[in-house]
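Number of protein chains: 2
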Amino acid sequence: APFCSKEVNYGNVSDFLINMIYLLMALYKEQLLFTPNCMKFNLPLPPLSRLVQKAELTRLSHTFLHVPQLHWIVVEDAPQPTPLVTDFLAASGLTYAHLHKLTPKDRKLQEGDPSWLKPRGAEQRNEGLHWLREMGAAAEGKEAAALEEAVVYFADDDNTYSLQLFEEIRYTYRVSVWPVGLVGGMKFERPVVEDGKVVRFHTGWHPNRPFPIDMAGFAVSLRLILTNPQARFDGDAQMGFLESSFLQHLVTMDDLEPKADLCSKVLVWHTRTEKPKMKREDALQKQGLGSDPDVEV
Amino acid sequence: APFCSKEVNYGNVSDFLINMIYLLMALYKEQLLFTPNCMKFNLPLPPLSRLVQKAELTRLSHTFLHVPQLHWIVVEDAPQPTPLVTDFLAASGLTYAHLHKLTPKDRKLQEGDPSWLKPRGAEQRNEGLHWLREMGAAAEGKEAAALEEAVVYFADDDNTYSLQLFEEIRYTYRVSVWPVGLVGGMKFERPVVEDGKVVRFHTGWHPNRPFPIDMAGFAVSLRLILTNPQARFDGDAQMGFLESSFLQHLVTMDDLEPKADLCSKVLVWHTRTEKPKMKREDALQKQGLGSDPDVEV
Chain A
1 APFCSKEVNY
11 GNVSDFLINM
21 IYLLMALYKE
31 QLLFTPNCMK
41 FNLPLPPLSR
51 LVQKAELTRL
61 SHTFLHVPQL
71 HWIVVEDAPQ
81 PTPLVTDFLA
91 ASGLTYAHLH
101 KLTPKDRKLQ
111 EGDPSWLKPR
121 GAEQRNEGLH
131 WLREMGAAAE
141 GKEAAALEEA
151 VVYFADDDNT
161 YSLQLFEEIR
171 YTYRVSVWPV
181 GLVGGMKFER
191 PVVEDGKVVR
201 FHTGWHPNRP
211 FPIDMAGFAV
221 SLRLILTNPQ
231 ARFDGDAQMG
241 FLESSFLQHL
251 VTMDDLEPKA
261 DLCSKVLVWH
271 TRTEKPKMKR
281 EDALQKQGLG
291 SDPDVEV
Chain B
1 APFCSKEVNY
11 GNVSDFLINM
21 IYLLMALYKE
31 QLLFTPNCMK
41 FNLPLPPLSR
51 LVQKAELTRL
61 SHTFLHVPQL
71 HWIVVEDAPQ
81 PTPLVTDFLA
91 ASGLTYAHLH
101 KLTPKDRKLQ
111 EGDPSWLKPR
121 GAEQRNEGLH
131 WLREMGAAAE
141 GKEAAALEEA
151 VVYFADDDNT
161 YSLQLFEEIR
171 YTYRVSVWPV
181 GLVGGMKFER
191 PVVEDGKVVR
201 FHTGWHPNRP
211 FPIDMAGFAV
221 SLRLILTNPQ
231 ARFDGDAQMG
241 FLESSFLQHL
251 VTMDDLEPKA
261 DLCSKVLVWH
271 TRTEKPKMKR
281 EDALQKQGLG
291 SDPDVEV
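Protein chains in written order, with the UniProt record's numbering: chain A, 1 to 297; chain B, 1 to 297.
Hints listed in this document are in silico derivations from the structure and should not be mistaken for laboratory results.
A couple of the hints might just be wrong.
Since the list can't tell identical chains apart, any single copy or any two copies may satisfy a pair.
[What the hints assert, rightly or not] Here are the simulated lysine to aspartate or glutamate pairs, DMTMM-like style, with alpha carbons at most 25 Å apart:
hint	residue 1	residue 2
1	LYS265	GLU127
2	LYS265	ASP292
3	LYS101	GLU140
4	LYS105	ASP255
5	LYS277	ASP157
6	LYS275	ASP158
7	LYS265	GLU296
8	LYS197	ASP157
9	LYS105	ASP236
10	LYS265	ASP282
11	LYS279	ASP158
12	LYS101	GLU149
Every value quoted in this text rests on a predicted model; they were computed, and no experiment measured them.
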């Protein structure tokens, strides 16, 4: 591997004995385009794409390229795969599946809706689960045995993942959990562990939700997903209950497996990328001097 | 390199014949802490650090780990190296130099100043140039010859870099230039190339600055920096003139070497990370229920 300049030791993982990680990522943020803030800027954008999308996919892919046995499942909120994402994935060097599932119009945020009104990405994550279950049903022999050991993690396109996180995720028997940094108006949220068991949650909001955990804070064994076909994300869930709507089909709090040194380390951060300002672009476009639309950004 | 799961081909670069890239990064954003917005939130922060700093360094390091022959020069705006950055770099797997240079108080943004009032990172970038020149003066024989071929690039902690960019940078004779995405209120800014030469600049603002180029849009041969010891960043430069203050010691527009397919491809994006909201953290702290300050975020 000539382009990997350093060997980094992330623990005692053998390259030959590691479980597959299915990283399911819903690209649902296109709908942000329809919020009043974007309307105001009158962005010169093609529909169903976001200006920072290629940048975010680029830096995420650099992280994922360091993770052995990773299979990236990308689900676009689009009527068909977009050329930008298709070309990006083909050149990424990663193993991936490229799916798409358009959110029905009545489930989408409408102009003027606050972003928390409807859960986002539920349709796309369910499409990914469907793909995993189809694959599971078709697998036989050694392949089926390997799937028994695989783990599913729900990634997001602007979060930041340490490489150590993936080594923690890899050994998930049912559902593993860990802290998430910079989430929910907090420095971090985390499961509170006593005597090796999760007993409650450190969170700034609704600690009594069934599972007050951000999407970035848990992973699920593929075996559990395959043996519980009813487990899916509820697109009608109240704000903050999307994760619970899925997890309550699979485990109880007592079953949760604390990772990241008994939930004492932050290995993933809920970073968000600013929407770029397009004020000057807009002004120049009006004079016919805008940026060349043929250059992909 | 067992943790590099795929071999990616970024072009016709031989691993044995590549120039060193010195990536100089000024960590100057600590001063944002003193803006009114942060005062309002009353962030529970140690001085001279930012909440997203570790996350940003983490994902940047994943990009840099793919680049052969990279030497990362990190210059903190601090009276001494901070433990967070020191520990992070030691564990990163990268080759680096960790410097520090505190911005004098009269050069720092004060409470209430708009962020564009004073150029940021000038002191730190000059400190990095000083380090390079000391190293250049001390080098002899083969080492000195290798430095002749090396290239210097000024990185930023929230930008997004494609891996292809570094292969373009590597072959810089004097000063190379290319487009930067999502910068200056534009989809992209770029040098305009005619007959292989840069003839003007596509930018939304002051196109007649000597070099209307963002810091992310050029690289300089180390030889040129060593043979022009007067070239430095002017901390008193007007907004938008910091890059020009350095480059005008080194080249004319006629000398610029267009990269990225004659400046037709966007290979770097000026992404920005949102400041995380700490509303609930603040409320919980007042009840003595804040996040454990011993957990590094």
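Are the CA atoms of LYS275 and ASP158 at most 25 Å apart within a copy, between copies, both, or neither? Both ways: LYS275 and ASP158 sit 12 Å apart in one copy and 13 Å across, limit 25 Å.
When no copy is specified for LYS197 and ASP157, does a C-alpha distance of 25 Å or less occur within a copy, between copies, both, or neither? neither (30 Å within a copy, 37 Å between copies)
With identical chains treated as interchangeable, where does the CA-CA distance between LYS265 and ASP292 reach 25 Å or less: within a copy, between copies, both, or neither? The answer is between: 11 Å across copies meets 25 Å, while 45 Å in one copy does not.
Please sort LYS279 with ASP158 into within, between, both or neither, judging by C-alpha distance up to 25 Å. both (23 Å within a copy, 21 Å between copies)
Could you figure out if LYS265 and ASP282 sit no more than 25 Å apart (CA to CA) within one copy, between two copies, both or neither? between (44 Å within a copy, 21 Å between copies)
Copy assignment of LYS101 with GLU149, given that the CA separation must stay at most 25 Å: neither (27 Å within a copy, 50 Å between copies)
Identical-chain pair category, LYS265 with GLU296, by Cα at 25 Å: Result: close only across copies, 7 Å inter versus 38 Å intra.
Within, between, both or neither, where LYS101 and GLU140 count as close if Cα-Cα is 25 Å or less: For LYS101 and GLU140, the Cα distance exceeds 25 Å both inside one copy (27 Å) and across copies (61 Å).
Intra- versus inter-copy proximity for GLU127 and LYS265 (alpha-carbon distance at most 25 Å): neither (32 Å within a copy, 33 Å between copies)
Evaluate LYS277 and ASP157 at a C-alpha cut-off of 25 Å and name the case that applies: within, between, both or neither. The answer is both: 20 Å in one copy and 19 Å across copies each meet 25 Å.
At most 25 Å between alpha carbons: which applies to LYS105 and ASP236, within, between, both or neither? Result: close within a single copy only, 14 Å intra versus 53 Å inter.
How would you label the pair LYS105, ASP255 (within, between, both, or neither) given a Cα cut-off of 25 Å? neither (37 Å within a copy, 54 Å between copies)
The structure is inconsistent with the numbered hints 1, 3, 4, 8 and 12, although it conforms to all the rest.
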